[in-house]
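K.L.:
Make a model of the complete structure from these sequences and hints.
Just so you know, the protein sequences line up as chains A and B, in that order. Residue numbering for the first sequence follows the working numbering, starting at 1 and increasing by one per position. Residue numbering for the second sequence follows the working numbering, starting at 1 and increasing by one per position.
Worth double-checking, as some hints may not be accurate.
Said to hold, decoys possible - Covered, in the sense of this in silico footprint (three residues per stretch, anywhere, with C-beta under 8 Å from a C-beta of chain B), are these stretches of chain A:
1. 123 to 135
2. 153 to 167
3. 207 to 217
It should be emphasised that the hints constitute simulated quantities derived from the structure, not laboratory data. Only a predicted model underlies this, so the values are computations on that prediction, with no experimental measurement involved. Glycine included, each C-beta is placed from N, C-alpha and C at the ideal position.
Okay, here's what each chain looks like letter by letter:
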Amino acid sequence: MTPLSSSILLVGESGVGKTHYGAQLLRRLMKGDDLLRMDGAATNVEPFEAALESLNDGRAAGHTAMATYVDSVWPVVDAQGRRAELIWPDYGGEQIKTIIESRRVPAAWQTRIHTAGAWLLLIRLQQTRIGDDIFSKPLRDLRGASMDNQEVHPSDQARLVELLQMFLFAGGLTGLTDRMPRLGVLLTCWDEATFFGTPKEALDARLPLVSAFVHSVWQCPLIMGLSALERPLSPTARDMDYVAQGPEHFGYVIASDGTRSNDLTAPIHAMLGTFA
Amino acid sequence: MNKCTRETCFVPDTGCDLGHAVLSKCPVWCGTARADAPTDDLSDEVLLPWSGSALGLADLGFVSGRARPLVIGVVGAQNAGKTTLLGAWYLLLGRGLADLGDRRFAGSYSLSGWEAVAGAMRWPPGHAPRFPPHTTSRGGRAPGMLHIALRDEDHGRLVDYLFTDAPGEWFQKWAVNTDSQEGVGARWISDYADAFLVVADREALSGEAMGSARGSLQLLARRLSSELRERPVALVWTKADVEIAPAMDTAVRKAVFDVMPNAAEFSVSVVSESEGDPAVNKGTGLVDLLRWAVDVRRPTVHLPSPTAASKDLLFVYGSRPK
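P.N.:
This is the structure:
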């Protein structure tokens with residue numbers, strides 16, 4: 001049995017805000033004032049360059065192009081000298097989409113799943129929701145209303161659970177508990193979720209099926225909230241506060257106990273703590 | 001060779017049913033494939049052994065890997081609401097409203113199957129929800145099965161459940177003739193289910209054809225009772241919001257409880273009894289019924305407690321009751 005490696009794999013569908021978080025995190029890591037700092041040089045931060053530029057201008061970054069397929073590996077270290085590697089495999093989130101749709105896990109992903117000691121799953125609550133159904137919005141009389149078979153789009157919750165199940169299978173981890181990678185769930189764009197409570201309560205309330213799955217498969221998943229930008233930015237109009245103060249003054253995280261801090265490296269640091 | 005020789009394995013359409021994430025590690029696949037397919041592009045990606053759709057007989061091997069799943073047979077006439085019952089449970093689980101005591105959802109290998117039965121009851125943009133379409137009767141030796149795994153909180157035991165989703169026609173054929181060719185799927189359920197839900201459709205029992213609905217339910221109850229072998233059974237009144245004549249109610253109860261006196265009884269409906277906050281609407285009786293179904297356990301063997309006074313296991317083993 002190989003010991004868990006200290007690499008943290010970042011996983012998220014497209015549109016959850018991975019690039020924004022990456023750009024903001026990169027700036028903090030380089031500055032080195034926070035819980036974590038960069039330990040050496042990241043392999044490739046090209047995909048985050050454009051986002052950094054946009055944020056400096058007070059604008060939101062555009063969608064990350066699908067062509068960028070190279071892993072970006074960031075070595076990080078904390079004040080106690082604990083080291084970890086952050087792996088950004090898929091900036092655009094397109095690969096995750098393809099995995100879910102084709103139900104095939106490419107070899108590159110299998111290696112990543114095998115070698116990572118922790119998975120950090122990014123979920124944007126505003127983009128994953130439970131739609132209305134017969135219970136939440138009952139019709140007085142549905143009787144006799146039955147329809148022909150039509151295409152069913154899987155719900156967001158089913159998609160996320162299936163993705164995790166696929167990863168567990170591809171990693172040969174189904175049903176095992178002793179060598180499970182640690183799991184962190186990062187609820188992104190916390191500012192737009194307008195939820196008062198801990199991130200765990202938010203996940204319970206907004207995605208109950210995912211929450212139940214995560215809690216029954218992992219012993220103690222870390223559930224945290226993140227607002228990488230602190231306020232919505234437009235891709236075209238400039239936010240003058242951003243331009244004047246610099247993007248490093250914006251963004252906050254909500255720790256699993258509900259406390260808010262401005263240290264964007266805190267979620268990664270908390271994941272590092274689970275390796276001990 | 002582009003196919004696996006195992007009958008229950010559908011490589012390359014789905015993954016290896018023996019659970020080998022990398023095909024090149026499967027002895028069966030290598031044994032047959034090595035000769036004429038030295039390198040193929042399949043080997044570098046992981047295929048999944050489950051398609052997500054409702055499970056058939058061939059898929060059972062994969063989900064029964066950790067233990068034999070508990071099979072809950074949903075039995076009843078066509079259009080009685082069997083599929084709706086399953087879809088409603090899935091929606092309630094998805095909303096976090098299905099309170100299963102100290103158990104929690106721990107995965108499913110038929111998520112697309114659940115989505116398909118529940119999908120009709122959602123509000124897609126521009127459409128009103130409906131009840132699920134009629135479950136088509138095909139020839140088949142076994143019903144489609146929906147899988148769900150539940151785990152006790154504090155990381156206790158993981159239990160797999162399979163709920164059957166079979167067309168009502170099967171049961172009608174089977175009730176008339178247990179060896180009926182069209183009813184083999186119903187026979188399968190009767191042979192292998194660990195518990196049964198007998199669905200009584202209040203709408204049919206109050207409608208135009210109420211006489212024949214009563215008749216076929218009586219037949220079905222009698223057939224089931226003769227093959228029950230003391231397994232748990234529940235009488236489920238679906239569409240509980242529909243009124244039926246008291247005489248009809250008595251007749252159906254009598255038909256069921258006379259032959260299966262230990263049967264439990266539930267009334268369910270997607271319509272809630274009380275007007276409340278729609279966000280927490282659970283319908284009527286659905287969660288209670290699900291709890292009953294997941295509480296089903298197989299009869300266990302009771303081992304006599306050892307009578308020996310010795311603490312040494314060797315001597316305990318050999319001793320006889322005095």
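K.L.:
Now tell me if each hint is right for this structure.
P.N.:
Here is how each hint holds up against the structure:
no., hint, in the structure
1, 123 to 135, "holds (count 6)"
2, 153 to 167, "holds (count 9)"
3, 207 to 217, "holds (count 8)"
Checked against the numbered hints listed earlier, the structure breaks none of them; every hint is satisfied.
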